[in-house]
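Q: Given the coordinates of chain A, assemble chain B onto it according to the supplied hints.
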Amino acid sequence: MHPIIARRERLIPFMLAWMGVGVLLATHLQASPRLGWGESLILALPWTAVYGFFSLSAWHICRTFPLSGSGTTLRLLGAQVAAALFSSALWIFLGRAWSLLLARDQRLQEIPESYDSQVPLFFGIGVLLYLLAVAVHYLIIAFERSQEAEKRGLELKVLAREAELRNLKMQIDPHFLFNSLNSISALIGSDAARARGMCLRLSEFLRGSLALADRDRIPFSEELALVRSFLAIEQVRFGSRLQVDISADDGVEICLIPPLLLQPLIENAVKHGIGSLLDGGTIVIRASRSEDRFRVTVENPYEPEARRPRSAGVGLENVRRRLAALYGPEGRIEVTRESGRYSVALTLPAPQQEATDAGKRG
Amino acid sequence: MTENELRVVIVDDEEPARAVLREYLSALPGVRIVAECANGFEAVKAAAELKPDVLLLDIQMPKLDGFEVLELIERDIEVVFVTAYDSFAIRAFEVHAADYLLKPFGPERLSQALQRARERACRKDRPHSDLIAAARARKKPVDRVLIREGARVHVIQANDIDYIQAQDDYACIRAKGREHLKQESMATLEDVLDPRQFVRIHRGYILNVDRLARIELYAKDSRLAILKDGAKLPISRSGYARLRPLLR
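Chains as they are written, first to last, in our numbering: chain A, 1 to 362; chain B, 363 to 610.
The set of hints was computed from the structure by calculation and includes no laboratory data.
None of these values were measured; they are calculated from a predicted model.
We put the beta carbon where it would ideally sit given N, CA and C, even for glycine.
Among the hints, a few may not be true.
Stated by the list, open to error - Straight-line Cα separation of at most 20 Å, SDA-like style, residue types lysine to any residue; simulated pairs: (1) Lys538/B <-> Ala581/B; (2) Lys271/A <-> Glu511/B; (3) Lys271/A <-> Asn401/B; (4) Lys271/A <-> Glu377/B; (5) Lys425/B <-> Leu85/A; (6) Lys425/B <-> Met1/A; (7) Lys538/B <-> Glu305/A; (8) Lys425/B <-> Glu267/A; (9) Lys425/B <-> Leu77/A; (10) Lys271/A <-> Ser343/A.
Claimed, not checked - Computed beta-carbon distance windows for the label pairs: (11) Leu316/A <-> Pro607/B: 30 to 38 Å; (12) Ile577/B <-> Leu177/A: 53 to 61 Å; (13) Leu177/A <-> Asp438/B: 30 to 38 Å.
Stated by the list, open to error - Which residues of chain A face chain B? A partial, calculated answer using Cβ under 8 Å: (14) Ser117; (15) Ser183; (16) Ala186; (17) Leu187; (18) Ser190; (19) Leu277.
Next up, chain A with everything else stripped away, as it sits in the complex:
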């Protein structure tokens, strides 16, 4: 689609500029002794308007001979100059026809003669005007191209970021599922009611994590509920080895956080902390907020002499990268290992749950 015709905010100034040219030409005609303002304008304005529309055809030639194309500059110049000469000649012919048409009226008898005396000048102006239109078209094409490149660059950036965030969102550890299913398989033989209870908890956890993963931000209370159902399942596996101590200050439940931010930390705490200890221990979760900062810590005992597990760093690294992508320097993660206790603290800006979010969920 033609870049000027397609957009009114370009077409109107373009044609106004041509009208300006028409007025200038009329001024010139009027300066000769035989024509008045009225005759000059009636000749010049329609005539230039037609040329204005005609000059829009320069777009097709500009497209055929793009500035960045492989053709030589000479060919490009040749084509444009030839087009300009031809267009101007056509314009002069139209002007002549128009002046003769006007001369049928008795009052406008003088027009053709005045016109004819100015033909060489008009021809020159016609060529220049056409070349000017060509330049305008080239400018618009270049402008559109750079805008499109910028837009595509931005789109790519957004896509890349979305893809990264999607990747970083927790994927459920399949081994957790297999181990849980194995526990259910064990309970079916001995305690069918507990087996059913565990099926329900597992479904609750799966449904919860699937539902949360699709959202941008969730209130901390929902993340905590998911963590609780995860830990309840793991407590069936680990028995008394896994103890949990959760406490959250008043007001933190409504803090908005990215979904499944805490979950990988809890998984690590169970797998590499409790799982590495003969007698297990307690996972301590503390959440607090001060002014505009939300802070949550996950602390667990671990076996310092245990083999460095290969997978331990992945979950933590994902959380780190998500925080960096979402909050930049505002999101912080601190890891400390001290006398057999491993602790991860997350700090992030703490917007309150907004009314719109509650509406969106409905």
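A: Below, chain B without anything else, positioned relative to chain A:
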């Protein structure tokens, strides 16, 4: 192995996982559970004292993992790994486990694994699983060395080792002022320890380079390594050639 009766030890740190095995095994004829262990130490102890035919062995456990248990038990005990992780299967194959069960599994699959273990135990031609195979399967140097004294297990961090001295069929490992005997060849230990840290400086010695204080010329072509605690170890000519690149 008593006639037709298979003596089995269950090793898993999760009670429900043990319960499944218990339930399935109780339905199988000719199988007896002689012990249930909740961690690797108990497993090594049970293996040493009870001499079972088969170990049903979880892999991810506190302190000692399943592979480390396998490394420490008598070679004629068949091992069936029982785990939720399929990623260890190749390594299990390399250390010659009898079978590899993926949780959750059904009773038929367990019965099949035990049948396989029973057949292998009768053939007695199982190739030796050893530390080298384990390390190769791990594709990186060991960061700790396991030593069994009777039913007891010592875990020595590689970093804590000062040096290792050959003693007949054993290697005497000096760490934290104590000596531990391990039935392993010097060549094997040299192979599995991190070559950037441990060097065979002599036919009879492997040195932790971090402990070296200085080297003294003792005679022509023969040097002494003086350790930070004052101990002196001989360095052979080829040993010095191996050691030198690490000193830069």
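Q: Now tell me if each hint is right for this structure.
A: Right, here's what the structure says about each hint:
no., hint, in the structure
1, Lys538/B <-> Ala581/B, "violated (30 Å)"
2, Lys271/A <-> Glu511/B, "violated (30 Å)"
3, Lys271/A <-> Asn401/B, "holds (15 Å)"
4, Lys271/A <-> Glu377/B, "holds (16 Å)"
5, Lys425/B <-> Leu85/A, "violated (91 Å)"
6, Lys425/B <-> Met1/A, "violated (72 Å)"
7, Lys538/B <-> Glu305/A, "holds (15 Å)"
8, Lys425/B <-> Glu267/A, "holds (19 Å)"
9, Lys425/B <-> Leu77/A, "violated (82 Å)"
10, Lys271/A <-> Ser343/A, "holds (14 Å)"
11, Leu316/A <-> Pro607/B: 30 to 38 Å, "holds (36 Å)"
12, Ile577/B <-> Leu177/A: 53 to 61 Å, "holds (56 Å)"
13, Leu177/A <-> Asp438/B: 30 to 38 Å, "holds (36 Å)"
14, Ser117, "violated (95 Å)"
15, Ser183, "holds (4 Å)"
16, Ala186, "holds (4 Å)"
17, Leu187, "holds (6 Å)"
18, Ser190, "holds (6 Å)"
19, Leu277, "holds (5 Å)"
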